[in-house]
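*Asks:* Take a look at the letters that make up each chain.
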Amino acid sequence: MNDQTSKTSKEHFEPVHTNKVGGSPFTGVTGWIDNRLPIIRMFRHEYLDFQVPKSLSYFWSFGGILTICLLLLIVTGISLGMHYKPDANQAFDSVEKIMRDVNFGWLIRYAHMNLASFFFIAVYLHIFRGLYYGSYKEPRELMWLLGIIIFFLMMATAFLGYTLPWGQMSYWGATVITNLFSAVPVVGDFIVTWLWGDYAVGDAALNRFYVLHWLIAFLIVGVVVFHVIALHIVGSNNPSGIEPKDTRDTVSFSPFTTSKDLLAMLVFLLIFVAVMMYAPNYLGHPDNYIPANPLVTPAHIVPEWYFLPFYAILRSIPDKLMGVVAMVSSIAVLGLLPWLDFSKVRSSVFRPIWKQCVFLFVLDFFVLMYIGGAPAEGIYLVIGRIGTAFWFAFFFILAPLVSIIEKPLPMPASIHEFEDWKKQGKIKTIRLFNK
Amino acid sequence: MNIKDSFFRLRYFVVACLIFFFTNISIAKETNIELLKQNWSFDGFFGKFDRTSLQRGYQVYKEVCASCHSMKQVSFRNLSEPGGPEFSEAEVKALASQYEVTDGPNGEGEMFTRKAKPSDKFKSPYPNENASRAANGGAYPPDMSVIAKARPGGSDYLYSILMGYEDKVPDNIKLEDGVYYNKYMPGNKIRMAKPISEGSVTYSDGTKATQEQIAKDVVNFLTWAAEPHLEARKKLGFKSVVYLLILTILVYLVKKKIWLRVEPKV
Numbered sequence: 001m002n003d004q005t006s007k008t009s010k011e012h013f014e015p016v017h018t019n020k021v022g023g024s025p026f027t028g029v030t031g032w033i034d035n036r037l038p039i040i041r042m043f044r045h046e047y048l049d050f051q052v053p054k055s056l057s058y059f060w061s062f063g064g065i066l067t068i069c070l071l072l073l074i075v076t077g078i079s080l081g082m083h084y085k086p087d088a089n090q091a092f093d094s095v096e097k098i099m100r101d102v103n104f105g106w107l108i109r110y111a112h113m114n115l116a117s118f119f120f121i122a123v124y125l126h127i128f129r130g131l132y133y134g135s136y137k138e139p140r141e142l143m144w145l146l147g148i149i150i151f152f153l154m155m156a157t158a159f160l161g162y163t164l165p166w167g168q169m170s171y172w173g174a175t176v177i178t179n180l181f182s183a184v185p186v187v188g189d190f191i192v193t194w195l196w197g198d199y200a201v202g203d204a205a206l207n208r209f210y211v212l213h214w215l216i217a218f219l220i221v222g223v224v225v226f227h228v229i230a231l232h233i234v235g236s237n238n239p240s241g242i243e244p245k246d247t248r249d250t251v252s253f254s255p256f257t258t259s260k261d262l263l264a265m266l267v268f269l270l271i272f273v274a275v276m277m278y279a280p281n282y283l284g285h286p287d288n289y290i291p292a293n294p295l296v297t298p299a300h301i302v303p304e305w306y307f308l309p310f311y312a313i314l315r316s317i318p319d320k321l322m323g324v325v326a327m328v329s330s331i332a333v334l335g336l337l338p339w340l341d342f343s344k345v346r347s348s349v350f351r352p353i354w355k356q357c358v359f360l361f362v363l364d365f366f367v368l369m370y371i372g373g374a375p376a377e378g379i380y381l382v383i384g385r386i387g388t389a390f391w392f393a394f395f396f397i398l399a400p401l402v403s404i405i406e407k408p409l410p411m412p413a414s415i416h417e418f419e420d421w422k423k424q425g426k427i428k429t430i431r432l433f434n435k
Numbered sequence: 001m002n003i004k005d006s007f008f009r010l011r012y013f014v015v016a017c018l019i020f021f022f023t024n025i026s027i028a029k030e031t032n033i034e035l036l037k038q039n040w041s042f043d044g045f046f047g048k049f050d051r052t053s054l055q056r057g058y059q060v061y062k063e064v065c066a067s068c069h070s071m072k073q074v075s076f077r078n079l080s081e082p083g084g085p086e087f088s089e090a091e092v093k094a095l096a097s098q099y100e101v102t103d104g105p106n107g108e109g110e111m112f113t114r115k116a117k118p119s120d121k122f123k124s125p126y127p128n129e130n131a132s133r134a135a136n137g138g139a140y141p142p143d144m145s146v147i148a149k150a151r152p153g154g155s156d157y158l159y160s161i162l163m164g165y166e167d168k169v170p171d172n173i174k175l176e177d178g179v180y181y182n183k184y185m186p187g188n189k190i191r192m193a194k195p196i197s198e199g200s201v202t203y204s205d206g207t208k209a210t211q212e213q214i215a216k217d218v219v220n221f222l223t224w225a226a227e228p229h230l231e232a233r234k235k236l237g238f239k240s241v242v243y244l245l246i247l248t249i250l251v252y253l254v255k256k257k258i259w260l261r262v263e264p265k266v
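Residue numbers (the working numbering), protein chains in the order written: chain A, 1 to 435; chain B, 1 to 266.
Just chain B, same shape as in the assembly:
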């Protein structure tokens, strides 16, 4: 009896420890400051991107981010694909043709420049990492293709960074030249100057360009860029979960019936 009691107590102890373990695993991860949590339209079981926000986000990327950050994995054609900003193909052609890219060699063995086509990747602002460092005081603006997946906290983290610049620097932090204070950056020091503020861009659809709005739009865009098939994944995910759930219930009933042969109900 004694042994049995202690066994049960032990089991609850194990369960309690497991709960502790799983709730604390996130604390063990680096970030120690609460991020600005947003209600993203792409969250949840039926998550979808807001098309107009993605289109505005592309504008922010093009006019602000792209002057320093590359986005090597994304092509212009992706902008018209389903599940993304869904620009029309004509619009994408026009957007691409604003850029000049180097192609070749041609028949004479010469490299030449031409207007970008939808099949081209986004053009990087610098020819290589060294050029990029040289132009940015030694700091390398990271490629933004998958940045929404490459940071703990993901989209919320990116949003927080964009909103986390503060003029008042705490006394215990000494800023060197070309370094800025950011509330949410690990270590609170960032080499990127505050990239967006109210009115950084002018939206053609009449949306008011507040800092929050711009940050939200560009983070939407970056999340899509990192996970262009997110909508397809969630759609297929829902279908497969429902399918498996029904199948599991049916198989459960079949199994129960089969086992009645060896375990008849008394």
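Isolated chain A, as found in the complex:
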């Protein structure tokens, strides 16, 4: 007794807990598990009780839709990987074998092919939502940046995936895109040879494209996890751009958001299934059903439709290196938007000038998409250059300028007041995706 007191009087020990067992609100088996691995608690906290703004429109369903798309892409991709052969002599035939002899192989492959396109459709709508409602603004900048990283990775893995069937567009697309690296000063040619593992796109390149296609797909999953964790910290933005203040402004994630997102997912799935089953090759290029032939160059080498706007930017710059720089920075510049646009108001609903800028930007996106699919000559080249100039002007001139000169419309004090204003017809929002 005396010994112990004398010890503690000399030194002071903090109590430690090397484990965090306990604290679960559940009992029985779920409680036993939850005490040791609190995923059940976390799930309830983040997906059932989680409070989200009441005013979310269907534009906020694309995150969930994208998650489902990603999961389906991985499931179909793994199934395809079990039958596909990444060999320059066998790749094309192995894809045909999947289409003909593997049970429901045609379904799995068409699903994978078309899901890639629909993933981009959803992601473009998702990005538009962010632009229009100012979801990139404080405190969601990091989420926005993570989103841009996901977008870059998506483009990389989509490009790599398109090379795998080893058709004419696969081969020549791969040749054109990998050749872009030769624009790097001094070490360009070395980098290209290193990327190919050979002196031309061939067997070695195809094999590594296959490995990287898998790797990047799972990297996307990783970054998506961060994107979602960040979302659950900063919370969803909403059409009003006003943060929720009390329970009049929010609903719990389940059953309100879940039922709404489920409906949106089903509508999206319906359109996807209809396209996949009745026009499975509509979004592809017929040349990719011709086996790769290094000796025959297709008349027009065109990337997949979702790359066309950026392909147009690449081609509108006469210099190869500057073209590559312009193409990469046309996406990377999105990452600067939270700081280039410093208006305190998030939602375009209250920003009359910015709203029009965003619509013009969307228009520019489609114009560039059209130009990317047209031959790079004459009037197309001129329009492409104007489009490219506007693209960058949107970020570097319009965003800061509008932040300064624009006078925002009068705003409601809270989300529930916003909802009231909407009912009274005081506010115009995008009708298409409203509930």
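Calculated from the structure, these hints are not laboratory results. Note that the structure is a prediction, hence the values are computed from the model and not measured. The beta carbon of each residue, even a glycine, is placed where N, CA and C say it ideally should be. There may be inaccurate statements among the hints.
Said to hold, decoys possible - As a list, the in silico SDA-like pairs of lysine to any residue whose alpha-carbon atoms are at most 25 angstroms apart: (1) 97(A) to 119(B); (2) 255(B) to 68(A); (3) 72(B) to 81(A); (4) 117(B) to 89(B); (5) 245(A) to 262(B); (6) 239(B) to 104(A); (7) 123(B) to 99(B); (8) 37(B) to 274(A).
Claimed, not checked - Selected chain A positions facing chain B (Cβ under 8 angstroms, derived; list incomplete): (9) 54; (10) 96; (11) 256; (12) 269; (13) 281.
Since the structure of chain A is already known, use the hints to place chain B on it.
*Replies:* Just chain B now, with coordinates in the frame of chain A:
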């Protein structure tokens, strides 16, 4: 007020541009001549192949096309599978046995020839691409397994090519030796001589072998060869669309009911 008006005008402008964009995307694709559009039995939501036409098409392929074109991805057994020409298994066995294929090596290490079995792939007319080029004046008759998917316009394009040979060559086109004029070929020059004309084949089922009929039959066959599961796809497609439609309506009603809790009707 002014800003609001211009915003709406802008929105219609965007919509107009989108419509322009989507209607023009097909024009941006290479072909500039209107193809001969046919009413194919495999088009549409309930598209199905015409079995007898597929069987005749196989005959055309065998007697005409196969002398130059390979069809490496298709096996004899496919001819009896559901959704295709649906020959009986005995018929397919007989059809296959008309060909000799090289197999081996056998126990002594020798290659040997045997009659083809239903599990064998269609036999190519030439052992390799070089042999094929040598026999065709330098031109390579493409493999026809997926050709119906490998050309813009697909089946209509193939039909148009078969019907597009004309004796009268426009003055501005100079034909070299071994090159023929075709109205629908990009560039109007083709290395394949007119493959079919009236009476190129004799149909055993009494169908009159006009050029149109032969072209239609063989294009049916080529479309099936490129997409052997087309019928299964359309059948499953219809079922899944109906299923999803019903499910979507039910979920819509559920969602509406759930949201009544936060948005009671006034």
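*Asks:* Each hint should be assessed against the structure and marked as holding or not.
*Replies:* Hint by hint, here is what the structure shows:
About 14 angstroms separates the Cα atoms of residue 97(A) and residue 119(B), which keeps this hinted pair within 25 angstroms; it holds. Restraint check for residue 255(B) and residue 68(A): satisfied, since their Cα atoms lie roughly 19 angstroms apart, inside the 25 angstroms limit. Taking the CA atoms of residue 72(B) and residue 81(A), the gap is about 23 angstroms. The hint holds against a cut of 25 angstroms. Between residue 117(B) and residue 89(B) the CA atoms are separated by roughly 11 angstroms; this keeps the pair inside 25 angstroms, and the hint holds.
Of the pairs offered as hints, the one joining residue 245(A) and residue 262(B) holds, with about 17 angstroms between alpha carbons and a cut-off of 25 angstroms not exceeded. In summary, the hint linking residue 239(B) to residue 104(A) is supported, as the alpha carbons are separated by about 15 angstroms, within the 25 angstroms threshold. Annotation: proposed proximity of residue 123(B) to residue 99(B) holds, straight-line Cα distance about 7 angstroms (limit 25 angstroms). For a cut-off of 25 angstroms, the pair hint linking residue 37(B) to residue 274(A) stands: about 23 angstroms separates their Cα positions.
Because the smallest distance between the Cβ of residue 54(A) and any Cβ of chain B comes to about 6 angstroms, under 8 angstroms, the interface hint for this residue holds. A hinted interface residue such as residue 96(A) counts as satisfied when its beta carbon comes closer than 8 angstroms to some beta carbon of chain B; here the least separation is about 5 angstroms, so the hint holds. Checking residue 256(A) against chain B by beta carbon gives a least distance of about 6 angstroms; that is within 8 angstroms, so the hint holds. Of the supplied interface hints, the one on residue 269(A) holds, with its beta-carbon coming within about 6 angstroms of a beta-carbon of chain B, less than 8 angstroms.
The interface hint given for residue 281(A) is met, as the beta carbon of that residue sits about 6 angstroms from the closest beta carbon of chain B, less than 8 angstroms.
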